[in-house]
Amino acid sequence: MKVIIAEKPSVAREIARVFGATTKREGYIEGKGYTFTWAFGHLLQLAPPQEYGYYGWNVQNLPMLPSKFKLSVRKTKTRDGVVDDPAARKQLDIIRSLFEEASEIIVATDAGREGELIFRYIYYHLKCKKPFKRLWISSQTDAAIKYGFRNLKPGTDYDTLFYSAHCRSQSDWLVGMNATQALSLASGNRAVLSLGRVQTPTLAMICARYLENKNFVPETYYQVAIQPDKDGITFRAICDRRFKTKEEADEVLSRVEDVASGFPDGGLVLSVEAKPRKEPPPLLHDLSSLQQEANKKKGFTADQTLAILQNLYENKLVTYPRTGSRYIGDDVFAQVPDLISKFEDHADFGKQATLLKDAKLSKRSVNAKKVTDHHAILPTGERPNHLTNDSQAVYDMVAGRMLEAFHQDCIKEITRIIIQSGEKYQASGTVISIPGWRAVFNDADEEKKDEENASLPKVTKGERLPIRQKAVLEKQTKPKPLYNEASLLKALETAGKDIDDEELREAMKESGLGTPATRAAIIETLIKRSYISREKKNLVPTATGLSVYEVVKSQRIAQAELTGSWEKRLEEIRGGASVTAFRDEINAYTREITSELLKATIPVKA
Numbered sequence: 001m002k003v004i005i006a007e008k009p010s011v012a013r014e015i016a017r018v019f020g021a022t023t024k025r026e027g028y029i030e031g032k033g034y035t036f037t038w039a040f041g042h043l044l045q046l047a048p049p050q051e052y053g054y055y056g057w058n059v060q061n062l063p064m065l066p067s068k069f070k071l072s073v074r075k076t077k078t079r080d081g082v083v084d085d086p087a088a089r090k091q092l093d094i095i096r097s098l099f100e101e102a103s104e105i106i107v108a109t110d111a112g113r114e115g116e117l118i119f120r121y122i123y124y125h126l127k128c129k130k131p132f133k134r135l136w137i138s139s140q141t142d143a144a145i146k147y148g149f150r151n152l153k154p155g156t157d158y159d160t161l162f163y164s165a166h167c168r169s170q171s172d173w174l175v176g177m178n179a180t181q182a183l184s185l186a187s188g189n190r191a192v193l194s195l196g197r198v199q200t201p202t203l204a205m206i207c208a209r210y211l212e213n214k215n216f217v218p219e220t221y222y223q224v225a226i227q228p229d230k231d232g233i234t235f236r237a238i239c240d241r242r243f244k245t246k247e248e249a250d251e252v253l254s255r256v257e258d259v260a261s262g263f264p265d266g267g268l269v270l271s272v273e274a275k276p277r278k279e280p281p282p283l284l285h286d287l288s289s290l291q292q293e294a295n296k297k298k299g300f301t302a303d304q305t306l307a308i309l310q311n312l313y314e315n316k317l318v319t320y321p322r323t324g325s326r327y328i329g330d331d332v333f334a335q336v337p338d339l340i341s342k343f344e345d346h347a348d349f350g351k352q353a354t355l356l357k358d359a360k361l362s363k364r365s366v367n368a369k370k371v372t373d374h375h376a377i378l379p380t381g382e383r384p385n386h387l388t389n390d391s392q393a394v395y396d397m398v399a400g401r402m403l404e405a406f407h408q409d410c411i412k413e414i415t416r417i418i419i420q421s422g423e424k425y426q427a428s429g430t431v432i433s434i435p436g437w438r439a440v441f442n443d444a445d446e447e448k449k450d451e452e453n454a455s456l457p458k459v460t461k462g463e464r465l466p467i468r469q470k471a472v473l474e475k476q477t478k479p480k481p482l483y484n485e486a487s488l489l490k491a492l493e494t495a496g497k498d499i500d501d502e503e504l505r506e507a508m509k510e511s512g513l514g515t516p517a518t519r520a521a522i523i524e525t526l527i528k529r530s531y532i533s534r535e536k537k538n539l540v541p542t543a544t545g546l547s548v549y550e551v552v553k554s555q556r557i558a559q560a561e562l563t564g565s566w567e568k569r570l571e572e573i574r575g576g577a578s579v580t581a582f583r584d585e586i587n588a589y590t591r592e593i594t595s596e597l598l599k600a601t602i603p604v605k606a
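Heads up: the sequence shown at position 542 corresponds to 542 in full-length UniProt numbering, and the numbers run straight through without jumps.
Rather than coming from a laboratory, the hints here were simulated on the basis of the structure. Treat the numbers as computed from the prediction; the structure is a model and nothing was measured. Note that beta-carbon positions come from the ideal geometry of N, C-alpha and C, so glycine has one too. It cannot be assumed that every hint is accurate.
To be verified - In silico DSS-like pairs for lysine-lysine, Cα to Cα no more than 30 Å straight-line:
id : residue 1 : residue 2
1  : K77       : K8
2  : K363      : K480
3  : K351      : K316
4  : K214      : K298
5  : K77       : K127
6  : K214      : K296
7  : K75       : K129
8  : K424      : K278
9  : K70       : K2
10 : K296      : K478
11 : K32       : K70
12 : K363      : K297
13 : K133      : K568
14 : K32       : K2
15 : K370      : K568
Unchecked claim - Now the in silico label distances, taken between C-beta atoms and shown as ranges:
id : residue 1 : residue 2 : range
16 : Q335      : R241      : 54 to 64 Å
17 : K2        : K363      : 37 to 47 Å
18 : P481      : E26       : 48 to 58 Å
19 : D584      : R383      : 49 to 59 Å
Work out the full structure, taking the sequences as your base and the hints as a guide.
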């Protein structure tokens with residue numbers, strides 16, 4: 001008998017259906033010579049401190065550095081305290097009996113780091129020695145499942161994936177458990193002050209931005225603006241100098257030869273520069289970029305978007321959601337024309353899908369070397385039915401981005417006019433001549449939002465234009481905006497560095513904070529622990545969060561670059577880098593941060 005183990009019951013049921021297995025038992029389904037069972041996510045976790053003999057919260061116990069980590073059944077809180085989750089314990093017993101009877105085990109947990117960890121923890125906890133193979137698929141369609149089972153991989157192919165996941169789990173335990181106890185003890189046990197390998201630098205980023213914004217002192221400055229006229233069409237031009245005082249600006253304003261002052265030909269066109277510019281289509285979505293778009297367009301939290309996307313995946317409508325790649329290989333690209341044709345009757349995208357049917361598709365998102373465990377998120381081509389409004393919105397973001405990514409360049413004409421009237425004044429405007437990929441959603445061009453003119457009239461060098469109006473503009477410098485979920489997710493990709501360039505941000509992903517699959521949980525954890533809260537669309541620290549930040553801000557645990565470098569190391573373990581070296585480094589760091597935090601003082605109300 002072959003036993004197939006999935007990550008959750010719904011996935012096991014779908015795989016069983018594809019096989020034609022229909023006999024339902026308690027904790028599994030059987031038929032056609034197969035048994036289909038499941039976990040409920042993480043049934044097992046690294047054992048808590050007391051299982052290593054560290055009882056209570058005591059300075060003498062710190063740092064806690066188990067020589068070998070143990071596994072423990074998932075816990076749940078009851079009136080009698082924290083106990084083994086009875087549902088987890090029961091399902092583990094069922095899996096144990098099935099594994100004992102199995103001739104072979106097929107792993108069908110999610111094809112990623114966490115999915116591998118879920119299975120391996122079960123396998124090792126049960127002391128199972130049976131051989132196992134791995135199902136590795138990027139979509140839950142019947143065709144993908146059947147193809148995956150025809151091409152099962154040896155389980156050992158994913159050993160380094162498990163090592164990376166296990167090292168991550170251990171480092172989170174070591175840093176989180178020790179740092180939390182150390183800081184809480186330093187506060188006199190007045191409160192549990194949770195710290196973590198990823199959550200603390202994320203909190204530090206939010207707090208630093210909040211304080212920078214709150215303490216920002218705006219500076220007033222002045223600009224001089226004119227309104228030249230070309231054949232009845234006026235436009236605005238701004239002096240290319242900023243002035244600290246109104247008197248300086250007024251002096252410049254007085255030298256403008258405008259119509260009201262009796263100068264009908266007051267402005268000389270010094271130069272006209274009109275350059276076409278190609279704007280390439282955006283890359284396909286990974287989880288993080290989709291969460292950012294959903295937050296901007298619909299106000300969805302990162303957690304909401306992930307939940308919706310997971311549901312779409314399990315309903316066979318999109319490919320694997322927890323991907324960190326925005327690329328596909330040539331094999332997947334070969335299927336794209338057929339995928340695009342599925343949207344020819346779409347109410348919003350039909351025209352563009354039809355247009356692309358016979359067009360040469362952009363290959364900007366095609367690069368097999370940049371595909372990680374899973375390629376970028378794509379629709380599967382299955383037709384959606386009766387989706388909720390929220391699910392439809394996220395599905396359309398995936399489908400629309402596919403059409404954008406393989407569309408033609410957007411061609412713009414960017415115009416700069418320099419006019420002299422005393423000082424030099426610049427007018428700028430952008431006209432989209434060929435919308436290309438921008439026609440899919442018809443979204444506003446972000447680059448145009450700060451421009452003074454929607455469009456500019458045709459003028460020539462040496463021409464003189466009447467200036468209808470002139471004015472001094474009083475403006476103020478602005479602080480960096482508070483983080484919202486979209487901007488925080490973007491910053492987490494690059495360990496807090498402000499990088500707008502799409503491809504440069506991609507190149508830095510391995511050094512980011514957390515992973516696309518874990519960032520939503522980081523935000524929710526900080527909210528659950530009352531370190532941050534949502535105020536409208538912004539993420540702001542609470543008094544407790546700020547208090548913790550004040551203690552840790554100068555310590556390594558709050559440094560985004562440090563944690564980002566660990567994420568890179570964890571990825572390198574996937575490629576065969578030393579597990580022992582990483583563990584030694586984490587142990588040394590744990591000793592250091594524990595010592596630092598035990599010396600800290602923090603004013604926290606009881």
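Verification of the supplied hints:
1. The hinted pair formed by K77 and K8 meets the criterion: a straight-line CA distance of about 22 Å does not exceed 30 Å.
2. Distance hint between K363 and K480 is unfulfilled; the C-alpha atoms sit about 35 Å from each other, more than 30 Å.
3. With a C-alpha separation of about 25 Å, the suggested pair K351 and K316 falls inside the 30 Å cut-off, and the hint holds.
4. The suggested pairing of K214 with K298 holds, with an alpha-carbon distance near 27 Å, which does not exceed 30 Å.
5. Distance restraint check for K77 and K127: the Cα-Cα separation of roughly 27 Å lies within the 30 Å cut-off, and the hinted pair is therefore satisfied.
6. Of the pairs offered as hints, the one joining K214 and K296 holds, with about 23 Å between alpha carbons and a cut-off of 30 Å not exceeded.
7. At roughly 26 Å between alpha-carbon atoms, K75 and K129 fall within 30 Å of each other, so this suggested pair holds.
8. Between K424 and K278 the CA atoms are separated by roughly 29 Å; this keeps the pair inside 30 Å, and the hint holds.
9. This hinted pair checks out: K70 and K2 have alpha carbons roughly 28 Å apart, not beyond 30 Å.
10. For the proposed pair K296 and K478, the alpha carbon gap of about 21 Å is at most 30 Å, so the pair holds.
11. Distance hint between K32 and K70 is unfulfilled; the C-alpha atoms sit about 37 Å from each other, more than 30 Å.
12. Using a Cα cut-off of 30 Å, the hinted pair K363 and K297 holds, with the two alpha carbons roughly 26 Å apart.
13. Taking the CA atoms of K133 and K568, the gap is near 28 Å; set against the 30 Å cutoff, the hint holds.
14. The hinted pair formed by K32 and K2 meets the criterion: a straight-line CA distance of about 10 Å does not exceed 30 Å.
15. Between the alpha carbons of K370 and K568 the distance comes to roughly 15 Å, so the proposed pair stays at or under 30 Å and holds.
16. A hinted range of 54 to 64 Å for the beta carbons of Q335 and R241 is consistent with their spacing of about 56 Å.
17. For the pair K2 and K363, the supplied restraint of 37 to 47 Å holds, since their beta-carbon distance comes to about 40 Å.
18. Against the hinted window of 48 to 58 Å, the Cβ-Cβ separation of P481 and E26 comes to about 53 Å, which satisfies the hint.
19. A beta carbon spacing of about 53 Å between D584 and R383 agrees with the range 49 to 59 Å that was offered as a hint.
Hints 2 and 11, counting from the list given before, are not met by this structure.
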